[in-house]
Amino acid sequence: MEKTLPMPLAATAKKINMNKLAKHTLHYLVLTLLAVITVYPFWWTLVTALSTSGDVFTYPPRMWPENPGLDNFIEVFKTIDVIAFYKNSIIISVLTVAGTLLVCSMAAYPLARMQFPGRNIVFGAILATMILPSEVNFLVNFITVSKLGMGDTYTGVVLPGLAGAVGIFLMKQAFEAVPNDLVDAARVDGATEWQIFWHIMLPLARPALAALTILTLVAAWNQYIWPSIVMASPDKFPLSVGVLYLSGAFSFKIRVVAAGAVLTVLPILMVFLFTQRYFLRGFDGAVK
Amino acid sequence: MSASKKNTLQAWLFLTPALLLLMAFSFWPVGFGSYLAFTQYNLIDAPVWVGLDNFRELFEDELFISALQNSALYLLVVPAIQVLAILLAVLVNNQLPGIKFYRAAYYLPVVTTVSVIGVIWNFMYTDDGALNAVLRWLHVINEPIGWLSDDRIALFSVMFVTIWRGLGWYMVLYLAGLQSVPQDVYEAAVLDGANAWQRFWKITVPLLMPTILLCSVMSMLAAVKCFEEVQIMTKGGPMQSTYTALFYAYEFGIKSLNFGRALAASLVMSVFCVALAWLNFRYLQPRKK
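So the protein sequences, as listed, match chains A and B. Sequential numbering from 2 applies to the first sequence in the numbering used here. Sequential numbering from -19 applies to the second sequence in the numbering used here.
None of these hints come from the bench; they were simulated from the model. A few of these clues could be false.
[Said to hold, decoys possible] Selected chain A positions facing chain B (in silico; Cβ < 10 angstroms):
| # | residue |
| --- | --- |
| 1 | T39 |
| 2 | F58 |
| 3 | P66 |
| 4 | K88 |
| 5 | E136 |
| 6 | L140 |
| 7 | F198 |
| 8 | W222 |
| 9 | I226 |
| 10 | L245 |
| 11 | L281 |
[Claimed, not checked] Listed next, the in silico DSS-like pairs over lysine-lysine satisfying Cα-Cα at most 25 angstroms (straight line):
| # | chain 1 | residue 1 | chain 2 | residue 2 |
| --- | --- | --- | --- | --- |
| 12 | A | K24 | B | K182 |
| 13 | A | K79 | A | K254 |
| 14 | A | K21 | B | K235 |
| 15 | A | K24 | B | K80 |
| 16 | B | K235 | A | K148 |
Glycine residues also receive a C-beta, built at the ideal position from the N, C-alpha and C atoms.
All chains should be modelled from the sequences, with the hints used to inform the complete structure.
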């Protein structure tokens, strides 16, 4: 097409293309530089975990594994009870997700679809938990959990986090979008509130349940401070706590610690890669 | 039982589990915690009322004062993280090939547990670690820097990790903000001859103001309450130079079971946080037309 244009116009078009190219190259250069800063520490850890010979720390830093192999990973399994850590992480995550879905959607249903005295007070109270200085709650919650005999138990780790304002509001929004006709028809047929909740609301709120599942799953798998406070015996540690146990006790075995770190993040990074849209689309509505 | 009474009862039954949990683990800590701040309590014996003693001891403790100063200093991460996050959001707010890969790459630290982040950055920061190696290779330094062993810079090294792991989170929030800016405003500005720089300052920033306000408050509160990174990477050292206020509360509460002192410290922090949030909304609120 360019060739058919009169000369000056063709030159301008070409200049614009060149400008665009230069701009895009610069754009990608900056993008890549920033990506190196966020990704390289992970890459270094993976490379170190896969290397089976040579120095751990090299100058300049290593880019590729030396004699790649899985020896260090096998060593992790011999050094600490990783299977137990995995089991604990899975139990804590599954209980947290199941509990959060149930508790939050149950609380959301009457707030979204029922009229009853005290509704606004409840709504305000749940809203208020969002501005409470919750990061310092762990001190008193540790006392509460200990006094209730839930120290060093999965229940103690899971229970305090189940009811969250974000989860309740997410589910409330989903329930509000369910058409009235469906609910009215069910009521005419004599359905109880529980049946409406269980057989109509929950199936129709599946996208919101999926979002809440993924966000809760990643948060539960990654939580560190709270399980490290509640769990006293190492055989009950989730991976996030176990990996520090490994790095504390075997800090001289850097490759093995690196392999332990890889084993800890691998499952959740897989989940992230397949569910990116839930994280990266920017929580529509949550911000506004 | 009348229909409406039955309805009310049912509604409250649905709400019961959530309300009980919120009562026990969100409201109780605020009330009981504030009370314990005025007592001596070690988890075993009953709390003993001591009035303001905990606060007096707190402010006579040089470690707490320096921990408070460190928490205030920690606010330096806020402008850094916000400027970088806006930059990232602007850079990835397009449909260029491969842009999804970059978004995921920036978000990677956000979905990584903080304990692994601590382990990884301890590797990066050691004397012969990757960071010193790269800087020597670029001839920026001759001698390795003790990122976590030098008490003058350890706190800043920990702060950098906080920035590094938080960037992706704020990038996503800004991305949502950017995508709600109507495209025709930019088109009109281009027609009027505004360059990219002018468009950024005259259109993007003002329209992004609500998001900037929200993110600043979030990251300020997170910054002054930061202690996980400290607990994992430095345990407050070297020479107690990386103590933050909440790490102090953690050490006195969870480690020494001195809950009175710990909760007094966290009460001071909470007051500080409320004041910060209030100042933000008071002075950063976009002016009403």
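These are the hints, each one checked on the structure:
1. T39: holds (5 angstroms)
2. F58: holds (4 angstroms)
3. P66: violated (15 angstroms)
4. K88: violated (17 angstroms)
5. E136: Hint holds; E136 (chain A) Cβ to chain B Cβ min 4 angstroms, cut 10 angstroms.
6. L140: Where the cut-off is 10 angstroms and the nearest Cβ of chain B is about 5 angstroms from L140 (chain A), the hint holds.
7. F198: Given a least distance of 7 angstroms, the restraint on F198 (chain A) holds.
8. W222: holds (7 angstroms)
9. I226: With a minimum Cβ separation of about 6 angstroms from chain B (threshold 10 angstroms), the hint on I226 (chain A) holds.
10. L245: OK, holds: L245 (chain A) within 10 angstroms of chain B, min 5 angstroms.
11. L281: Cβ of L281 (chain A) sits 5 angstroms from chain B, so the hint holds.
12. A:K24 / B:K182: Given that 25 angstroms is the threshold and the Cα spacing comes to 22 angstroms, the pair holds.
13. A:K79 / A:K254: This hinted pair holds, its Cα atoms lying about 13 angstroms apart.
14. A:K21 / B:K235: At roughly 59 angstroms apart (the allowed maximum being 25 angstroms), K235 (chain B) and K21 (chain A) break the hint.
15. A:K24 / B:K80: holds (19 angstroms)
16. B:K235 / A:K148: Holds, at roughly 17 angstroms.
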